[in-house]
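**Student:** Spelled out, the chains give:
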Amino acid sequence: MTEQEQQLLLEIADDELILGWRDSEWTGMAPLLEEDVAFSSIAQNEIGHARAWYELAARELGTTADELAFDRRPDEYRCSRLVVLRLVPDWAATIARHHLYETADEERIAALKQSDDPEIAGLAAKIDREEAYHRMHAQMWFERLQDEPRFQTALAELRPLLDVRDEHTPELAELWEEMTVVRRSVAGATW
Amino acid sequence: MVTEEQVWNALAEIPDPEIPVISLVDLGVIRSVDVSRDQVRVEFTPTFLGCPALEVMRDAMAARISALGADAEIQVISDDSWSTDRITPEGRKKLRASGFAPPAPREVGGPKLVQLQSNAFRCPYCASQDTALENIFGPTPCRSVRYCRSCRQPFEQFKTI
Numbered sequence: 001m002t003e004q005e006q007q008l009l010l011e012i013a014d015d016e017l018i019l020g021w022r023d024s025e026w027t028g029m030a031p032l033l034e035e036d037v038a039f040s041s042i043a044q045n046e047i048g049h050a051r052a053w054y055e056l057a058a059r060e061l062g063t064t065a066d067e068l069a070f071d072r073r074p075d076e077y078r079c080s081r082l083v084v085l086r087l088v089p090d091w092a093a094t095i096a097r098h099h100l101y102e103t104a105d106e107e108r109i110a111a112l113k114q115s116d117d118p119e120i121a122g123l124a125a126k127i128d129r130e131e132a133y134h135r136m137h138a139q140m141w142f143e144r145l146q147d148e149p150r151f152q153t154a155l156a157e158l159r160p161l162l163d164v165r166d167e168h169t170p171e172l173a174e175l176w177e178e179m180t181v182v183r184r185s186v187a188g189a190t191w
Numbered sequence: 001m002v003t004e005e006q007v008w009n010a011l012a013e014i015p016d017p018e019i020p021v022i023s024l025v026d027l028g029v030i031r032s033v034d035v036s037r038d039q040v041r042v043e044f045t046p047t048f049l050g051c052p053a054l055e056v057m058r059d060a061m062a063a064r065i066s067a068l069g070a071d072a073e074i075q076v077i078s079d080d081s082w083s084t085d086r087i088t089p090e091g092r093k094k095l096r097a098s099g100f101a102p103p104a105p106r107e108v109g110g111p112k113l114v115q116l117q118s119n120a121f122r123c124p125y126c127a128s129q130d131t132a133l134e135n136i137f138g139p140t141p142c143r144s145v146r147y148c149r150s151c152r153q154p155f156e157q158f159k160t161i
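First to last, the sequence lines map onto chains A and B. Just so we're aligned, residue 1 is where the first sequence starts under our numbering, counting upward by one. Just so we're aligned, residue 1 is where the second sequence starts under our numbering, counting upward by one.
Because the hints were derived from the structure by calculation, they are not lab data. All values reported here derive from a predicted model rather than from experimental measurement. Glycine residues also receive a C-beta, built at the ideal position from the N, C-alpha and C atoms. It is possible that part of the hints are untrue.
Simulated DEER-style distance windows between Cβ atoms [claimed, not checked]:
id, chain 1, residue 1, chain 2, residue 2, range
1, A, ASP36, B, SER98, 40 to 50 Å
2, B, GLN75, A, TRP191, 18 to 28 Å
3, A, GLU157, B, CYS126, 43 to 53 Å
List time: in silico SDA-like cross-link candidates among lysine to any residue, alpha-carbon distance up to 25 Å [what the hints assert, rightly or not]:
id, chain 1, residue 1, chain 2, residue 2
4, B, LYS112, A, ILE109
5, B, LYS112, A, MET140
6, A, LYS113, B, LEU113
7, B, LYS112, B, PRO102
8, B, LYS112, A, GLN146
Looking at chain A on its own, in the form it has when it is part of the complex:
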C-alpha cells in the first residue's frame, strides 16, 4: 500500500467515524420516529465502515484501529469540514449534508473498487453494497425537499465545505473531547 493510499484510507475512515457520530445525534431527536431508526442505523453502518478502514490502515502503520480512531490529536484528523458540523436540530441542513456526502462518497468508493490492492478493492465493494441503502435514503429525502428554499440554501452553504480537510474549526476539538472522554478517563486502561 502506498503512503498516498494510507492517507486516503484515513481520510475516509475519519469521515465515516465523525459523520457516524453526528448522525447518531439524531437518535431520539428526529422529526419522525422512522428517521430516529434510519439515522441510528446509518450511524451504526458508518462507524462499522470506519472501523474496517482503520483496521486496514492500522496494519500498514503498525498500530490499532482504536488508536487511530481515538488517540490522535484533533488537528491530525483528515475528515472533511462538512461532517464535523453539529447540525441538530436543523433537519434541512442535515438532509443537505446527507445528499452531498453520499454523492461524493459514491464516487470515492467507485474509484477504490478499482484499486490494485485487492483488500482495498474488496472492502470498497462490500461497503458499496451497504452504502447503496444510504444513497436511496438520501435520494428519497432529496426528492421530498428539493423545492424547499431552506433546503436549497443549506445545499449552497454546505457544498464548499466538502473538500476542506486541512483546517479544522474548534467544533472538531469539542467533538473529540466528547468522543474520547471515556477512553481517557482511566489512565493506562487497555479496555
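Put chain B on the given structure of chain A with help from the hints.
**Tutor:** Using the frame of chain A, we list chain B on its own:
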C-alpha cells in the same frame, strides 16, 4: 482427530445471535472449513460491517471448535464475497416461517429506490404482494420495515446485499 464434517455440523448448531431461528451455516457466512491435524481454519465473511453480532459469531465458532478438541483459527474476510444470495433455501424457509421476508436476489447494478417502493415484495404472513415500504432501515442493519396492506401486518424485510 477432528473431521471437516464434524466442524460443519458443530457450526450448524450455532444460531444467528440476532435472528436465532437460523444458524450461521444457513446464513452462509462460513466460506470454508479447513482441517489439518488438530488445527481448524474457518473463513468467515461478515454480513454488515457495523453489525454488533459479528464478534459474538466469531467467539461462538471458536468455542464450538475448541469443544471438539481442536485449535480454532477464525479468519475474517471483509470482501464482497458474502451476499444475501448465500442464505440457504432452508434458511430462507426458516426466516419466512418466523415473519422475516427473505431477501430478493442480488441484481446487477444494485437495488434501486423505485424497486423498494414498488409492490414486488411478498408478505411473509399472508403472501400478498400488496406491501409498502415503511422504512429502508430497521432494528438491525440487515433489515427494512414494510407494511402489508392486505393483512395489515408490519413485517421485516431482509435487505439484498
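**Student:** Each of the hints needs a verdict: does it hold here or not?
**Tutor:** Status of each hint after checking the structure:
Roughly 25 Å separates the CB atoms of ASP36/A and SER98/B, a value that falls outside the hinted 40 to 50 Å. A hinted range of 18 to 28 Å holds for the C-beta pair GLN75/B and TRP191/A, which are about 24 Å apart. Under the hint 43 to 53 Å, the C-beta atoms of GLU157/A and CYS126/B, about 48 Å apart, fit the expected range. Distance check on the hinted pair: LYS112/B and ILE109/A sit about 18 Å apart at the alpha-carbon level, within 25 Å; holds.
For the hint linking LYS112/B to MET140/A, the alpha-carbon distance of about 11 Å falls within 25 Å, and the restraint holds. Distance hint between LYS113/A and LEU113/B is fulfilled; the C-alpha atoms sit about 22 Å from each other, no more than 25 Å. Taking the CA atoms of LYS112/B and PRO102/B, the gap is about 17 Å. The hint holds against a cut of 25 Å. At most 25 Å may separate the alpha-carbon atoms for a hinted pair to count; LYS112/B and GLN146/A meet this at roughly 19 Å.
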